[in-house]
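*Asks:* Listed here are the chains, written in short residue letters.
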Amino acid sequence: MSDKRVGMEVSIALAEAVRMANADCIAAYPITPQTHIVEHLSELVADGKLDAEFVPVESEHSALSVCAGTSAVGARTFTATSAQGLALMHEILFIVSGMRLPIIMAVTNRALSAPLSIWNDHSDVMASRDCGWIQIFTESGQDTFDQTICAFRIGEDRRVLMPVIVNLDGFTLSHVVEPLYLVEQELVDKFLPPYKPLHVLHPDKPITMGAFGMPEIYSEAKKAQDIALRDSYPVILEIWNQWGELTGRHYHPMETYRMEGAKIALLTMGSFGEIAMEAVDRMRERGIPVGLLKLRLWRPFPFDDIRQAVQGLETLVVLDRAISFGGIGGPVCSEIKAALYQQPKRPKIFSFIAGLGGRDVPPEQFEEMIEQAMKMKGKKKVEEFTTIGIRG
Amino acid sequence: MAKPIDQYTWKEIPIGCVVTEPGNAREYKTGDWKSQRPVVDKDKCIKCGVCWVFCPDAAIYRTDDGYYLANLDYCKGCGICARECWTGCIKMMEEEK
Numbered sequence: 254m255s256d257k258r259v260g261m262e263v264s265i266a267l268a269e270a271v272r273m274a275n276a277d278c279i280a281a282y283p284i285t286p287q288t289h290i291v292e293h294l295s296e297l298v299a300d301g302k303l304d305a306e307f308v309p310v311e312s313e314h315s316a317l318s319v320c321a322g323t324s325a326v327g328a329r330t331f332t333a334t335s336a337q338g339l340a341l342m343h344e345i346l347f348i349v350s351g352m353r354l355p356i357i358m359a360v361t362n363r364a365l366s367a368p369l370s371i372w373n374d375h376s377d378v379m380a381s382r383d384c385g386w387i388q389i390f391t392e393s394g395q396d397t398f399d400q401t402i403c404a405f406r407i408g409e410d411r412r413v414l415m416p417v418i419v420n421l422d423g424f425t426l427s428h429v430v431e432p433l434y435l436v437e438q439e440l441v442d443k444f445l446p447p448y449k450p451l452h453v454l455h456p457d458k459p460i461t462m463g464a465f466g467m468p469e470i471y472s473e474a475k476k477a478q479d480i481a482l483r484d485s486y487p488v489i490l491e492i493w494n495q496w497g498e499l500t501g502r503h504y505h506p507m508e509t510y511r512m513e514g515a516k517i518a519l520l521t522m523g524s525f526g527e528i529a530m531e532a533v534d535r536m537r538e539r540g541i542p543v544g545l546l547k548l549r550l551w552r553p554f555p556f557d558d559i560r561q562a563v564q565g566l567e568t569l570v571v572l573d574r575a576i577s578f579g580g581i582g583g584p585v586c587s588e589i590k591a592a593l594y595q596q597p598k599r600p601k602i603f604s605f606i607a608g609l610g611g612r613d614v615p616p617e618q619f620e621e622m623i624e625q626a627m628k629m630k631g632k633k634k635v636e637e638f639t640t641i642g643i644r645g
Numbered sequence: 007m008a009k010p011i012d013q014y015t016w017k018e019i020p021i022g023c024v025v026t027e028p029g030n031a032r033e034y035k036t037g038d039w040k041s042q043r044p045v046v047d048k049d050k051c052i053k054c055g056v057c058w059v060f061c062p063d064a065a066i067y068r069t070d071d072g073y074y075l076a077n078l079d080y081c082k083g084c085g086i087c088a089r090e091c092w093t094g095c096i097k098m099m100e101e102e103k
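Sequence lines, in order, name chains A and B. Position in the first sequence (first residue = 1) + 253 = the working numbering. Position in the second sequence (first residue = 1) + 6 = the working numbering.
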């Protein structure tokens, strides 16, 4: 392991991880706040530092379509996008996962228009929640760098063969300069062998990919796809463990912070975990038994980790960074509630929505969520969700 | 295919639904979709092959004596051959007749 700590913008660190993973093809269309990732990759290719094809395309629909083609011929393939770009890819997201092509994509999470916003929330990826990709959320720059390398290894594993989305918060993570440890190329080469595809599109041995699925076979195909995504869970753990052994940096589907003796917990995804830790520290100082749960693995959804993590809790406060309009409110909270519904003992769960379209959520607002949840706990009727930091 | 498509369990489906046997669409007989079939009057046919050129399903074949007939296992009865035929030798007949 390299013990040289460097200051680096997280987008650049992510692009360096793609270089170290020795990607063969990158097809991307620039969109804020993903731009620094693909700009840096195009420079690396142009400078001969990464032996890859960089395909500048005319849209994100084309970006992911090119990726589908290059992955089908056996190339290690990467792309990155954000918000409207992810929305424009929507059709191809499902095609890629159905075809089991292990494309790796960084999504710098950003709010969806309208009104037009270039700033961070999770509405983009939540609208693509059911696309069949493995989905990971990162909290820090180090985390983003490590998870990008791990994503290639996870997606390409013969037991998995799935596309992977690495979610990082736009600007609040992507544009931040952080001190981080890069690893030696030798370590990455050892950890991530060259991609050996199961099926390759080649004229010497013709096969059909993305064929027609008649009613007689479609349901079986979808069941197989769902089981395959669920079955990727132990492989993800195995690969994170290996990475932990090599680097000393260990990752889990559900990260916990100060959960010892906690009666109340906050649950977040992404970079807000770091701010929530600050809030938890402050409340612990005041003697409030608060802990923090940070959900890293969004798909496959880690049911057992969640059920394990809430044991002994009386109250759970879930922060969502997206709204399911006219529905349950927060998509993360609705899934947490569903995961715990059948449990004989479960905490009271309160859904909060904050941090939309780049709105900051300072530690005081996390404290406010806990205080509001404590008040609501005794009430017979509570709203589906509560918004925090919204005027009026 | 090794066995009919409706006998595959979800565990037996190749990863990514890849079809490793080229050209097996031939096993899927689409001819039963049609409600009309092309019937050729050989007295009028000049063996030009324009029907063969236009058939969108490549369902028309050339016989040993040079006529062009539709393989009814695959012909969907669209009628393009009858429409394009220069001499009007192809007539579309209702399937039940």
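In case anyone wonders, no lab produced these hints; they're calculated from the structure. Worth double-checking, as some hints may not be accurate.
Some chain A residues well away from chain B (every beta-carbon gap over 12 Å; in silico) [unchecked claim]: (1) His289; (2) Leu354; (3) Glu439; (4) Glu469; (5) Tyr471; (6) Ala477; (7) Glu538.
Listed next, the in silico DMTMM-like pairs over lysine to aspartate or glutamate satisfying Cα-Cα at most 25 Å (straight line) [to be verified]: (8) A:Lys475 <-> B:Glu18; (9) A:Lys458 <-> B:Glu27; (10) B:Lys35 <-> A:Glu473; (11) B:Lys9 <-> A:Glu437; (12) A:Lys458 <-> B:Glu18; (13) B:Lys35 <-> A:Glu469; (14) B:Lys40 <-> A:Asp479; (15) B:Lys82 <-> A:Glu437; (16) A:Lys449 <-> A:Glu437.
Please read all numbers here as calculations on a predicted model, not as lab measurements. We put the beta carbon where it would ideally sit given N, CA and C, even for glycine.
*Asks:* Going through the numbered hints above, which ones does this structure break? Give me the numbers in ascending order.
*Replies:* 2, 4, 5, 6, 11, 14 and 15
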